[in-house]
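Visitor: Single-letter residue listing:
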Amino acid sequence: MRRFLRDNGLSLCFLVIFLLSLVGQSIAGWFDENEQLSEHAQAAVSYPDYVTSSSFLVDVAENWQSEFLQFFLFILATVWLTQRGSPESKKPGRGGTGTEQEQKVGPHARYDSPRWSALGGVRQWTYANSLLIVMGAIFALSWLAQSVGGMAALNEQNAEHGQAAVTWLEYLGSPDFWNRTLQNWQSEFLAVGAMVTLSIYLRQQGSSQSKPVGSAHAATAEESS
Amino acid sequence: MTDKSHPRLGARAVRAERIAIRVSDRGRLVLFWIWLVLIFGGLAVMIVLPLAGR
Numbered sequence: 001m002r003r004f005l006r007d008n009g010l011s012l013c014f015l016v017i018f019l020l021s022l023v024g025q026s027i028a029g030w031f032d033e034n035e036q037l038s039e040h041a042q043a044a045v046s047y048p049d050y051v052t053s054s055s056f057l058v059d060v061a062e063n064w065q066s067e068f069l070q071f072f073l074f075i076l077a078t079v080w081l082t083q084r085g086s087p088e089s090k091k092p093g094r095g096g097t098g099t100e101q102e103q104k105v106g107p108h109a110r111y112d113s114p115r116w117s118a119l120g121g122v123r124q125w126t127y128a129n130s131l132l133i134v135m136g137a138i139f140a141l142s143w144l145a146q147s148v149g150g151m152a153a154l155n156e157q158n159a160e161h162g163q164a165a166v167t168w169l170e171y172l173g174s175p176d177f178w179n180r181t182l183q184n185w186q187s188e189f190l191a192v193g194a195m196v197t198l199s200i201y202l203r204q205q206g207s208s209q210s211k212p213v214g215s216a217h218a219a220t221a222e223e224s225s
Numbered sequence: 001m002t003d004k005s006h007p008r009l010g011a012r013a014v015r016a017e018r019i020a021i022r023v024s025d026r027g028r029l030v031l032f033w034i035w036l037v038l039i040f041g042g043l044a045v046m047i048v049l050p051l052a053g054r
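Heads up: the protein sequence lines correspond to chains U and Z, in order.
Final position of the first sequence in my numbering is 225; the numbers increase by one with none missing.
Final position of the second sequence in my numbering is 54; the numbers increase by one with none missing.
Just chain U, same shape as in the assembly (with noise of 0.2 angstroms):
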């Protein structure tokens, strides 16, 4: 068991904070809610109605989607840019997929290597690519989410006021949407701006995510182990 634990904290860490921030978010976000009914005069809503109701589903999928497409950009575009001195980057020049002895595929693969890597065809390629498949699944099903939640939220706002609902369709052009998905979108695209020029002069023992304190401004990760 202990071993598992040391073996695995980063990921049993993020899930713990994970879970507790989304009960945190949920019970600050009832209140919030039933605060806004109580100012004007109407019933307050249970706490399993409002963890199911569109309005919460829609805060929690625009901030899902953010961070996926964060992570989804950042994945592809290391494949092909790089910055000097970023220990999240690739030495200048040396971006591209990489030759097959480097991937370590096809006649390349070891004893050890995952199954898929040493196939060839479209399972290889699958496998090669399968961690932004992956992230980009996620991104797209959770605008999707936010769209829907989204729609379903204002119509209940419109309803509240007597006006007409919207499409699906009108709802994405609508200012509602792109509100929630752009400031969204701008903070994370500062977070990773922010990640990849700081750490190019400053450090942080022992972290992974930082160059060794002692390696030189202009090192990369790859100069710098």
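Just so you know, the hints here were simulated from the structure itself, not pulled from any lab data.
Remember, predicted model here, so these are calculated numbers, not experimental data.
Incorrect hints may appear among the rest.
Unchecked claim - Coverage of chain U stretches by chain Z, computed from C-beta distances (three or more under 8 angstroms per stretch; other residues unrestricted):
{"#": "1", "region": "2-9"}
{"#": "2", "region": "89-98"}
{"#": "3", "region": "174-188"}
As the list claims (entries may be wrong) - Label-pair distances were calculated between CB atoms; the ranges are:
{"#": "4", "chain 1": "Z", "residue 1": "Ile19", "chain 2": "U", "residue 2": "Glu170", "range": "57 to 65 angstroms"}
{"#": "5", "chain 1": "Z", "residue 1": "Trp35", "chain 2": "U", "residue 2": "Arg94", "range": "54 to 62 angstroms"}
{"#": "6", "chain 1": "Z", "residue 1": "Glu17", "chain 2": "U", "residue 2": "Ser113", "range": "18 to 26 angstroms"}
{"#": "7", "chain 1": "Z", "residue 1": "Trp35", "chain 2": "U", "residue 2": "Pro212", "range": "28 to 36 angstroms"}
{"#": "8", "chain 1": "U", "residue 1": "Glu102", "chain 2": "Z", "residue 2": "Glu17", "range": "46 to 54 angstroms"}
{"#": "9", "chain 1": "Z", "residue 1": "Leu29", "chain 2": "U", "residue 2": "Gln103", "range": "19 to 27 angstroms"}
{"#": "10", "chain 1": "Z", "residue 1": "Ala52", "chain 2": "U", "residue 2": "Gly93", "range": "47 to 55 angstroms"}
{"#": "11", "chain 1": "U", "residue 1": "Glu67", "chain 2": "Z", "residue 2": "Arg26", "range": "53 to 61 angstroms"}
{"#": "12", "chain 1": "U", "residue 1": "Pro107", "chain 2": "Z", "residue 2": "Leu29", "range": "23 to 31 angstroms"}
{"#": "13", "chain 1": "Z", "residue 1": "Val30", "chain 2": "U", "residue 2": "Asp112", "range": "14 to 22 angstroms"}
Stated by the list, open to error - Some chain Z residues well away from chain U (every beta-carbon gap over 12 angstroms; in silico):
{"#": "14", "residue": "Gly10"}
{"#": "15", "residue": "Val14"}
{"#": "16", "residue": "Arg28"}
We put the beta carbon where it would ideally sit given N, CA and C, even for glycine.
Since chain U is already given, all that's left is putting chain Z on it; use the hints.
Guide: Coordinates of chain Z only, in the frame set by chain U:
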């Protein structure tokens, strides 16, 4: 590292180490699937409930 002066004790320690590695490997795969089920399960809920009129 096995203890050559106590071969039976050493063999037991090696066996325990192998079991611990196997449990950790299995646990890592279980964690991977927990994350995937959590994410895709959450997405299914977030897509289906609003469409069902919640």
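Visitor: Run every hint past the structure and note whether it holds.
Guide: Results for each hint:
With 4 residues having a beta carbon nearer than 8 angstroms to a beta carbon of chain Z, the region 2-9 of chain U meets the requirement of three or more and the stated coverage holds. As drawn, the region 89-98 of chain U meets chain Z at 0 residues by the rule of a beta-carbon pair under 8 angstroms; below three, the given contact is violated. Evaluation of the coverage hint for the region 174-188 of chain U: breached, as 0 residues show C-beta separations to chain Z shorter than 8 angstroms, against a requirement of three. Hint check: Ile19 (chain Z) to Glu170 (chain U), Cβ distance near 60 angstroms, so the stated range 57 to 65 angstroms holds.
Remark: the range hint 54 to 62 angstroms for Trp35 (chain Z) to Arg94 (chain U) is contradicted by a beta-carbon distance near 30 angstroms. For Glu17 (chain Z) and Ser113 (chain U), the hinted distance range of 18 to 26 angstroms is satisfied, since their beta carbons lie about 24 angstroms from each other. The supplied range of 28 to 36 angstroms is met by Trp35 (chain Z) and Pro212 (chain U), whose beta-carbon atoms lie about 30 angstroms from each other. The supplied range of 46 to 54 angstroms is broken by Glu102 (chain U) and Glu17 (chain Z), whose beta-carbon atoms lie about 33 angstroms from each other.
Hint check: Leu29 (chain Z) to Gln103 (chain U), Cβ distance near 23 angstroms, so the stated range 19 to 27 angstroms holds. The beta-carbon spacing between Ala52 (chain Z) and Gly93 (chain U), approximately 53 angstroms, falls within the hinted interval of 47 to 55 angstroms. As the Cβ distance of Glu67 (chain U) to Arg26 (chain Z) is approximately 28 angstroms, the hint placing it in 53 to 61 angstroms is violated. Separated by about 27 angstroms at the C-beta atoms, Pro107 (chain U) and Leu29 (chain Z) satisfy the suggested range of 23 to 31 angstroms.
Distance hint check: the CB atoms of Val30 (chain Z) and Asp112 (chain U) are about 20 angstroms apart, consistent with the given range 14 to 22 angstroms. Distance check for Gly10 (chain Z) against chain U: the nearest CB is about 19 angstroms away, which clears 12 angstroms, and the non-interface claim stands. For Val14 (chain Z), the condition that its CB be more than 12 angstroms from all CB atoms of chain U holds, with the nearest at approximately 14 angstroms. Listed as outside the interface, Arg28 (chain Z) is inconsistent with that label: its C-beta sits roughly 6 angstroms from the nearest C-beta of chain U, within the 12 angstroms cut-off.
Of the numbered hints stated above, those contradicted by the structure are hints 2, 3, 5, 8, 11 and 16, listed in ascending order.
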